[in-house]
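For the record, the sequence lines run as chains A and B. Going by numbering that gives the first Met the number 0, the first sequence opens with residue 0, and the numbers climb by one from there. Going by numbering that gives the first Met the number 0, the second sequence opens with residue 0, and the numbers climb by one from there.
FYI, nobody ran anything at the bench for these hints, they're computed from the structure. Some clues are possibly wrong.
To be verified - Computed, partial: chain A to chain B, Cβ under 10 Å:
1) 97
2) 112
3) 127
4) 206
Unchecked claim - Chain A regions said to be covered by chain B (calculated; three or more residues, Cβ under 8 Å):
5) 24-34
6) 117-126
7) 263-270
Owing to the predicted nature of the structure, the values given are computational and were not obtained by experimental measurement. Glycine included, C-beta positions come from ideal geometry on N, C-alpha and C.
Residues per chain are reported as follows:
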Amino acid sequence: MTAQAKAPSLRLARRKAANGLMWGGAVLATLAALVPLGLILYYVAAQGISSLNLAFFTQLPKPVGESGGGMANAVVGSLILVGLASLVGLPIGLLGGIYLAEFGNNRLGWAIRFAADVLSGVPSIVIGMFVLALVVIPMHGVSAVAGGCALGLMMVPIAMRTTEELVRLVPMSLREGSLALGATHWRTIVKVVMQAAKGGVITGVLLAIARIAGEAAPILFTAGSTQWWNLKVTQGPMSSLPVQIYLYAGSPFEEWHRQAWAAALVLVTMVLLLSIAARYATRGRMRLVR
Amino acid sequence: MSAGRPRRRGRLGRANLEDRAFGWSTRLFALCVIAILALLGYVLARAAHPALLMFGWGFLSSSVWDPVREVFGAWPFIWGTLLSSTLALLIAVPISLGAAVFLAELAPPWLRNPISFLVELLAAVPSVVYGLWGLFVLAPMLRPVEAWLGHRLGFLPFFQGSAYGIGMLAAGLILAIMILPIITAVSREVLLAVPRTQREAAYSLGATRWEAIRGPVLRYARAGIMGAVILGLGRALGETMAVTMVIGNTPTTSLSLFSPAYTMPSVLANEFAEATGKLHSAALMEIALLLFGVAILVNAVARLLLWSVGRGAPRGVRE
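The shape of chain A in the complex, shown without the other chains (with noise of 0.2 Å):
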């Protein structure tokens, strides 16, 4: 071969070898980006099957020093403080999501949704700040429904962009079938358009749950904690899973340890599996990050 023809199959080499190189770096970085979720999951069940129990959904904590006890007053706190933030968080949600779906062509709209991307961008410790000094403060202490306003005010621009999106994918047909029947505006998007979007914008609410049933950082000081009973939700504080497992891990007690991994379990499971049927129930379409 002459010198000429060597030097651009020389050069097609490198290119290829360059093609190739990338190729195994987008793979590697891919198993990269899966090894911490295997390691994670893998750690959080092992640990926390072996220290979950009856006892951690039926009994209080016991005092330190003594073995056994659960996370009673968490498990139910947290599903208290979940259903708070859902009467806060998803009034607005739905019902801004149908805005910005049906009559959100316009810069009204265009302002929304773009003060819902930056508020769902706002840290969720700056959240618990906020209703902290708007609540807290104001009522003498933490109550549960404060804490269900600082999970609330989370939920409001997940649960409004989703609906959104799936209230988007109604067929303008349908819209169109039902005014041409004589029915209002209104009653075609309660009836006919929200009928058919129902199922999406379940899901999108449990998913909004989801995101929010892990949060410690906005109930850290306006829901608090307790070693007790709590049912009353406008006083005192009411204990949740996130929360104990924050003040648990950072105990020095190896039993205290043992619970936060439990609690962790507990957490992890619910949120995934609430994850793993939005995604099924949309098959695919709907992102858990946003």
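Keeping the supplied structure of chain A fixed, place chain B upon it in accordance with the hints.
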């Protein structure tokens, strides 16, 4: 669609009124979001007012944080936040972009959705669970690694000091894992939005797969990928629980990755319960206000960049 003249009588008139009422009530709820943002800024600024008056701009540059003498400067926390987020981005961005390219361009179609979903599941794991894992699994694993790094690369300022396991490196790693899914998922979407013709033109000129991606695809997607990275940065800056649990919570301004440090969200999580003095809580509120301002800025930039490439943008605005 909300057409119709307002002055009609009878059933038609009532129907029209109902329509308008419905439209306005949804608008009212939607407007709540803007109201919440404005209220957030106002309430935090009001609560931080005493500290704002007392320390002025010096709050940002002073390193003295002494609740007993009531002197407050936030520099160590700002430093810790900046360093841990930078570290997280340095680790997460190459991995996320590699994974995004793989998932959008290279992987066989049957593999794309399941793997994308698995990566996104990382985002579903609660922050405290990351912290728990970081504290009891990652930090002990890091100790020998840090000792080795200190032995080999100890001449660099980043690898000096004793290897605790807990500290800046652990925080950076945990943050990197936590922002991986959002950068990957958003950049993947941006890459998927690049028109097919971009690639086909490159192939027709004889480009290899990588050459088609590097030039035509990545350059086309540049703004969107930047948006994804900035979105990740925003998450890293504000992440609280996981970082608080692994960073060691000691106000330092050391360059060393082994040294314990403190971040703005962590100091809020740790100190607010004990903040008794009015000035102390105002100083903490000022840190929250600062975080809020930075979050608004970072997320606004990120969303505008992403909307400019048409991802998640409103219909109508999208070209």
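Verification of the supplied hints:
1. 97: 5 Å, holds
2. 112: 6 Å, holds
3. 127: Because about 8 Å separates residue 127 of chain A from the closest Cβ in chain B, which is inside the 10 Å limit, the hint holds.
4. 206: 9 Å, holds
5. 24-34: holds (count 9)
6. 117-126: holds (count 10)
7. 263-270: holds (count 4)
In the structure shown, no violation is registered for any of the earlier numbered hints.
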